[in-house]
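With the numbering used here applied, the sequence shown covers 1 to 135.
Hints are computed from structural coordinates only; laboratory data are not their basis. All values reported here derive from a predicted model rather than from experimental measurement. Don't be surprised by glycine CBs; every beta carbon is placed ideally from N, CA and C. Hints are not guaranteed to be accurate.
[Said to hold, decoys possible] Quick list of in silico lysine-lysine cross-link-like pairs, DSBU-like style, CA-CA up to 30 Å:
#	residue 1	residue 2
1	Lys77	Lys116
2	Lys65	Lys116
3	Lys65	Lys129
4	Lys77	Lys129
5	Lys65	Lys77
6	Lys129	Lys116
[To be verified] FRET-style restraints, in silico, Cβ to Cβ:
#	residue 1	residue 2	range
7	Asp50	Ser71	17 to 25 Å
8	Gln117	Asp41	32 to 40 Å
9	Gly131	Arg81	27 to 35 Å
10	Arg93	Asp66	16 to 24 Å
11	Ala68	Leu99	25 to 33 Å
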Amino acid sequence: MVKRTIRLTTMLTLLSGAGTVTAARPDPIMKIEPHFVTLDDIAVPIIDGDVISGRLRFRAVIAAKDDAAQSRLMTMKPRLRSESLIAGIEFSRLHASGLRPVDAVALTAALTRSLKQFHPDIGQVLLVKSGADMG
């Protein structure tokens, strides 16, 4: 009976953490500050041969690396939109059709690659909306 009481007491002590050294626990509610720069909707033509066959539409949000990067990028929104237009036109020329859904993964990758080359403060480009239609 005494052995059983000692074992039970030892187990309860270990489970409660009393008498043991524990690492500092992180705060269970992590405060994540997003650093987003939202661009206006973009629409580019889908060109098939020498005919405009439709329109590719998308909205992108840029995730900046930090607060300072977000501030710098906010002042550059017209240039960011211009770069996004160029990347969208190139993507539509190679991969878009008004007859099939937009490959959002490939479009996101193309925008991210193009905008990261344009400015090092860009962490990632997030595609919020995309679509293609016949025109």
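Problem - Status of the given 17 to 25 Å range, CB of Ser71 versus CB of Asp50 - result: Violated: the Cβ-Cβ distance is about 44 Å, outside 17 to 25 Å.
Problem - Pairwise hint evaluation, Lys77 against Lys65, where the allowed Cα distance is 30 Å at most - result: holds, 16 Å
Practice task
Hint says 27 to 35 Å; check whether the CB-CB distance for Gly131 and Arg81 agrees.
Solution key: About 18 Å separates the Cβ atoms of Gly131 and Arg81, which means 27 to 35 Å is violated.
Problem - 30 Å Cα cutoff - pair Lys129, Lys116 - result: Holds. Lys129 to Lys116 sits at ~20 Å (cutoff 30 Å).
Problem - Given hint Lys129 paired with Lys77 - CA-CA distance at most 30 Å - result: holds, 18 Å
Exercise for the section: Measure nothing beyond the straight line between the CA atoms of Lys65 and Lys129; if it is 30 Å or shorter, mark the hint as holding. Expected result: Judged against 30 Å, a Cα distance of about 22 Å means the pair holds.
Exercise for the section: Quickly compare the C-alpha distance for Lys77 and Lys116 to 30 Å and report which way the hint goes. Expected result: holds, 14 Å
Exercise for the section: With a cut-off of 30 Å on the C-alpha distance, tell me whether Lys65 and Lys116 pass. Expected result: At roughly 11 Å apart (the allowed maximum being 30 Å), Lys116 and Lys65 satisfy the hint.
Problem - Ala68 versus Leu99 beta-carbon gap, inside 25 to 33 Å or not - result: At roughly 44 Å between Cβ atoms, Leu99 and Ala68 fall outside 25 to 33 Å, so the hint is violated.
Practice task
Starting from the hint 16 to 24 Å, judge whether the C-beta atoms of Arg93 and Asp66 obey it.
Solution key: Once the Cβ atoms are compared, 34 Å apart, the range 16 to 24 Å for Asp66 and Arg93 is violated.
Practice task
Can you let me know if the beta-carbon spacing of Gln117 and Asp41 is within 32 to 40 Å?
Solution key: Distance hint for Gln117, Asp41 is violated at roughly 23 Å.
Hints 7, 8, 9, 10 and 11 from the list above are not met by this structure, while the remaining hints are.
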